[in-house]
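Chains as they are written, first to last, in my numbering: chain Y, 1 to 277; chain Z, 1001 to 1286.
Worth flagging that the hints you see were computed from the coordinates, not collected in a lab. Please note: incorrect hints may appear among the correct ones.
Derived DSS-like pairs: lysine-lysine, alpha-carbon spacing no greater than 27 Å straight-line [claimed, not checked]: (1) 1252(Z) x 42(Y); (2) 1066(Z) x 246(Y); (3) 1036(Z) x 246(Y); (4) 246(Y) x 1141(Z); (5) 246(Y) x 1252(Z); (6) 1072(Z) x 274(Y); (7) 36(Y) x 1141(Z); (8) 274(Y) x 1095(Z); (9) 1141(Z) x 12(Y); (10) 1176(Z) x 12(Y); (11) 87(Y) x 1192(Z); (12) 207(Y) x 246(Y); (13) 1176(Z) x 274(Y); (14) 12(Y) x 1066(Z); (15) 1258(Z) x 246(Y); (16) 12(Y) x 1192(Z); (17) 65(Y) x 177(Y); (18) 182(Y) x 36(Y); (19) 1115(Z) x 76(Y); (20) 42(Y) x 177(Y); (21) 274(Y) x 1036(Z); (22) 254(Y) x 1252(Z); (23) 1072(Z) x 260(Y); (24) 1192(Z) x 76(Y); (25) 1217(Z) x 12(Y); (26) 1095(Z) x 246(Y); (27) 274(Y) x 1066(Z); (28) 246(Y) x 1163(Z); (29) 260(Y) x 1066(Z); (30) 1141(Z) x 1176(Z); (31) 76(Y) x 162(Y); (32) 87(Y) x 182(Y); (33) 162(Y) x 177(Y); (34) 1163(Z) x 1036(Z).
If you're wondering where the values come from, they're calculated on a predicted model, not measured in any experiment.
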Amino acid sequence: MKLSAYRIAANKLRTAHILSVETESPTVKIFTFKDKQCARAKPGQFLMLWIPSVDEIPLSILDAKENGMVSVAVRKVGEATGAFHNKSVGELVGVRGPFGNCFTLKEGRILMVSGGTGTAPILFLAERLAPKIAKLVFVLGAKTREELLFLNKSKRILGGEKTQLIATTEDGSCGIKGLVTKPLERLLEQERFDMIYTCGPEQMMRKVFDLAEKYGVALEASLERLMRCAIGLCGSCVIGRYRVCKDGPVFTAKQLRENKSEFGISKRGFSGRKIPL
Amino acid sequence: MLASGILGLSAESLSNIVMGGAGAIVTKSVGLKPRKGYANPTVVQTSYGLINAMGLPNPGITEFIKEIHEAKSFGVPVIVSVYGFSAEEYATVAKKAVNAGSDAVELNVSCPHVKETGSEIGQNPEILAEVVRKVKAVVEKPVFVKLSPNVTNIAEIAEVAAKAGANALTAINTVKAMAIDTETTVPILSNKIGGLSGPAIKPVAVSCVYEIYERVKLPIIGCGGITNWRDVVEFLLAGATAVQIGTAIALKGPNVFKKVTRGIDAYLKRKGFKSVNEIVGLSHCS
């Protein structure tokens, strides 16, 4: 049988021992495990993580190394992520993936905008892109200083003359007070960018998209939806005619333009019904 | 045509399937009330197929009507898959679906992983007959009955559905299945039991079609593991007049419909058949 990129068994469930757990913020932990397949993931791709007997959740890949190490960042928001946070080094989790498309690797002048755990795939991209590009401005947002994620990692990746890190917090406890979109308008007015990459809360990405449209800058955004099968069959994650798990999770401004009535506004709930974000 | 359960919760996502060459689309199964379905994991990828236990997630027929309206604009027949927890529920949902423009309804009496509906109905000849009769009494469009392979004798069940008034039979739904993770010793699906689809079940489905064809003179829609044109031809030779494709979309993308249609055309030409009708049930003569 001819091998196809769509082969069902190509990325089926396997288990991995948790090799390290780091506390990144009061609500976010970084888990690292060894998985050869996900270690080959490209920035923007995601995996399905199974917490045995509890749930299976989609997670962005924060880091994937040649030695097989894969890291994911998990915010404690509900039962599944709570159960995951209770896991310690040596325990088993299940992994499927990597799934979905990836960010295109654009060189030139780049603007990255991320919020919350949405920073994970953007930082993964920044790490791969940093050596190649002319200029990189990274705008990182959070509610408070202590929820500003991956600050140390960002500083390490972005520590060069070509790069600039701008932090924003809603309460003003670190960096610029306000949303990530606050410094954006000024940046877009003053500088010319070849590409904007964004990931974070969808309302935030919608504002970034609207600004990118206003200033005529190309954009790619990584979306999140309810995921079940992760292989493009079940339809749980659809936005418009696109399946986020298969046609995404990274979408271009052109694709998002087709879905202005949904992007940043609504998603499909467990029953398939459209619900506000 | 597209098999039920694939995409099908939103009309827009079905538009790609129509562009991919599907001649008709069957929606995800819809019931009277909204249902959230089961917690993940809801699918297990195996070497030769997919085990799923979605748990019939759907927004309920009232909410789904607007999706039916939109799906109708794609220019191919729309078949709403219907489930219920009683014969009355099947009839109510089927009637609403047809009133909303559904060109036919397919009764899901074969889902292997939700209690008190699906295969629990399709495995019981009396209840199955009652469901089919009640639906037939209220809708004027064709009624397809999708049969479960998880029975002792599928041809007998097919005959029951035919006598109760079914207009066509879809064979087959998924085969009851399970997967256990050896490292954690835990059943993977949250529902533990699910249904197997994909290449693994194709030989099972072909034999079901073959046996039904011998017993019942109704159109049979073949379904189960079709991935390429050769699979389709096999179903046609066994007696199917149409086929449904689902899991192969994960293997080959929505264009699988165009690919198999081209393959069948080439086969007919090469073998000197004038029409696809000439090969329907042909293997029964040999």
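Violated hints - listed by number, lowest first: Violated hints (numbers, rising): 4, 7, 9, 13, 14, 17, 18, 19, 20, 25, 26, 28, 30, 31, 32 and 34; every other hint is consistent with the structure.
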